[in-house]
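Undergrad: Protein chains in written order, with the working numbering: chain A, 1 to 180; chain B, 1 to 354.
Bear in mind the hints are in silico, worked out from the structure with no lab data behind them. Take these hints with a grain of salt, some might be off.
[As the list claims (entries may be wrong)] Straight line, CA to CA, 25 Å or less: simulated SDA-like cross-link-like pairs of lysine to any residue:
hint : chain 1 : residue 1 : chain 2 : residue 2
1    : A       : LYS78     : B       : ARG232
2    : A       : LYS75     : A       : LEU63
3    : A       : LYS155    : A       : GLU123
4    : B       : LYS260    : A       : VAL145
5    : A       : LYS94     : B       : ALA296
6    : B       : LYS259    : A       : ASP32
7    : A       : LYS96     : A       : GLY110
8    : A       : LYS15     : B       : GLY285
9    : A       : LYS53     : B       : LYS108
10   : A       : LYS72     : A       : ASN124
11   : B       : LYS108    : B       : ASN38
12   : A       : LYS94     : B       : LYS260
[Said to hold, decoys possible] Among chain B residues calculated to face chain A with C-beta under 7 Å, some are:
hint : residue
13   : ALA11
14   : LEU266
15   : LEU281
Every residue, glycine too, gets a C-beta built ideally from N, C-alpha and C.
Each chain is listed here by its residues.
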Amino acid sequence: MRPLTEAETRAVFEKLGRYIGENIQLLVDRPDGTYCFRLHRDRVYYVSEKLLKVAASVPRDSLVALGTCFGKFTKSQKFRLSITALDFLAPYAKFKVWVKPGSEQSFLYGNHVLKSGLGRITENTAQYQGVVVYSMADVPLGFGVAAKSTQDCRKVDPMAIVVFHQADVGEYVRNEDTLT
Amino acid sequence: MAAVRVEEVLAAAEEQEAEKRRSVTVEKELELEFDLGNLLALDRNPAPAAGLRGAGPRREALLRELARDNTQLLAARLWELPAERAGGAGGPLVAQLPEPTFRLPREKPPPRPRPPTRWEQFARLKGIRRRKRTSLVWDEEAKEWRRRWGYRRAGGDPARAWLAEVPANADPQEDQFARLRREKRERVARNELNRLRNLARAHRAGAAPAAPLHPTGHQSREELAHVARVARVSTASLGRFQPRLPKEPAEPPSRGGGKKRRFEPLLGDLAAERGRQLRLLRDMGAKKPVLDVTRAVNKQLRQEEAEAAAAKGKKQSRRGKRGRRQQRVGRSGKKSGARRQQQPQQRSAGGSGG
């Protein structure tokens with residue numbers, strides 16, 4: 001377990017910034033406690049100082065996970081955000097997409113969101129912008145990347161993909177073994 | 001038929017003979033320089049320029065020929081040396097090489113003088129000079145000169161010492177022989193430790209010599225950084241309390257000389273870490289351009305499209321149902337022409353009316 005290096009921090013912040021923009025400050029600098037990022041076996045964990053001090057006394061080989069896992073660094077040092085970060089992305093998301101009840105199931109199985117399943121989308125969403133996907137009842141379902149800007153979403157045909165799927169809460173069941 | 005064949009055979013044989021003879025003599029413009037002590041032959045003839053460029057079988061063949069010729073000359077010279085049969089009549093012929101004249105450069109740099117040990121420094125300080133000891137000592141009991149230490153030493157074999165006096169201030173119960181053995185072991189260990197320490201000190205000092213700055217001031221960036229680091233560490237506290245320049249990065253002292261990759265401590269200063277991350281965020285945010293060109297262009301296009309759509313909508317509302325019917329039915333020239341002539345009149349009428 002170790003703190004992130006400069007390059008790693010930059011990669012993580014860039015990825016997070018695509019979804020929550022400048023609200024990362026609220027994650028880094030919290031009024032209710034000191035929280036920090038720590039790297040353990042290529043996975044980035046967001047953990048409070050109190051918990052970190054306790055976890056520091058666990059042997060490295062025995063430690064499985066601590067705090068909240070935000071994502072992991074792949075073998076080529078790219079940062080991949082995982083679904084376990086949704087709790088922190090959802091309240092601070094800048095661009096949101098609401099999905100109709102009919103195609104919620106489809107998204108939770110890992111499919112992309114089609115135009116026919118699109119309920120609402122934040123105005124001024126650019127193409128390839130990171131978005132958080134909600135159900136019509138404002139329950140966060142996951143996050144993805146906007147395949148079309150808001151303007152284009154209006155013009156495109158119903159079978160076109162509007163949001164690329166990146167992670168959904170169905171992964172808690174599907175990838176139960178590999179999720180930390 | 002047979003005669004032709006015989007001629008051929010003879011010609012081939014003659015060719016072979018000529019080749020054999022030719023192979024022994026080599027002609028060169030400039031004579032080669034020989035250093036037979038090193039088995040060295042220096043060929044200063046200019047190489048055929050055209051032949052040696054580029055890779056290929058031709059180049060290989062040329063090089064091989066060159067090598068063969070020079071080796072032939074060297075071998076010829078070696079045969080001229082005085083030789084003798086080694087190991088009797090049937091042994092190999094051994095040539096006696098002269099002293100080598102060509103001075104070969106050193107493979108590795110010369111060893112630098114090792115720094116003085118702690119004792120040597122102290123002795124130099126105090127002015128103690130080394131006294132030459134005699135190798136043999138007079139042994140009174142054996143009445144002869146014996147060596148100072150080692151096999152048959154002057155004081156007798158220490159393992160066979162049968163008496164060990166109890167000194168006046170010692171505990172009477174203590175085993176003196178055990179004490180002597182223990183003390184010897186301690187002495188040996190201490191000496192070994194000091195030897196290793198001296199060695200380590202010499203190794204450390206020799207590994208990173210402080211390179212002096214150039215007097216002219218033309219130093220490379222790395223050299224300056226190195227000298228600055230050495231200067232920083234040359235304080236009494238080894239550079240721990242030296243103030244840093246504004247943009248100089250704070251690096252912890254590396255004991256391995258910068259070989260191992262080091263990370264921040266796990267529970268280091270969390271407030272500082274937070275500060276660093278916020279600063280990083282600020283720098284990252286500042287780089288984003290204020291005007292996103294793509295979005296601006298898209299916006300412009302959308303506006304133009306909207307305007308075009310609005311204009312199209314107006315035109316269609318003016319033409320109305322009549323325009324649609326005429327376009328569908330009228331195919332022949334006369335009728336459509338007549339209607340087309342009528343249309344602008346109607347449109348203008350409609351336009352003035354509306």
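Undergrad: Look at each hint and say if it fits the structure.
TA: To see whether the hints hold, each was checked on the structure:
1. A/LYS78 - B/ARG232: Judged against 25 Å, a Cα distance of about 38 Å means the pair is violated.
2. A/LYS75 - A/LEU63: It holds: about 21 Å lies between the C-alpha atoms, which stays within 25 Å.
3. A/LYS155 - A/GLU123: Distance ~14 Å between A/LYS155 and A/GLU123 Cα, so the pair holds.
4. B/LYS260 - A/VAL145: 40 Å, violated
5. A/LYS94 - B/ALA296: 20 Å, holds
6. B/LYS259 - A/ASP32: 40 Å, violated
7. A/LYS96 - A/GLY110: 18 Å, holds
8. A/LYS15 - B/GLY285: Holds: A/LYS15 and B/GLY285 sit about 13 Å apart, inside 25 Å.
9. A/LYS53 - B/LYS108: Given that 25 Å is the threshold and the Cα spacing comes to 52 Å, the pair is violated.
10. A/LYS72 - A/ASN124: 30 Å, violated
11. B/LYS108 - B/ASN38: Holds, at about 19 Å.
12. A/LYS94 - B/LYS260: 42 Å, violated
13. ALA11: Violated, because the Cβ-Cβ distance from B/ALA11 to chain A comes to roughly 71 Å (cut-off 7 Å).
14. LEU266: 6 Å, holds
15. LEU281: 6 Å, holds
Of the hints listed earlier, those the structure fails to meet are numbers 1, 4, 6, 9, 10, 12 and 13, in rising order.
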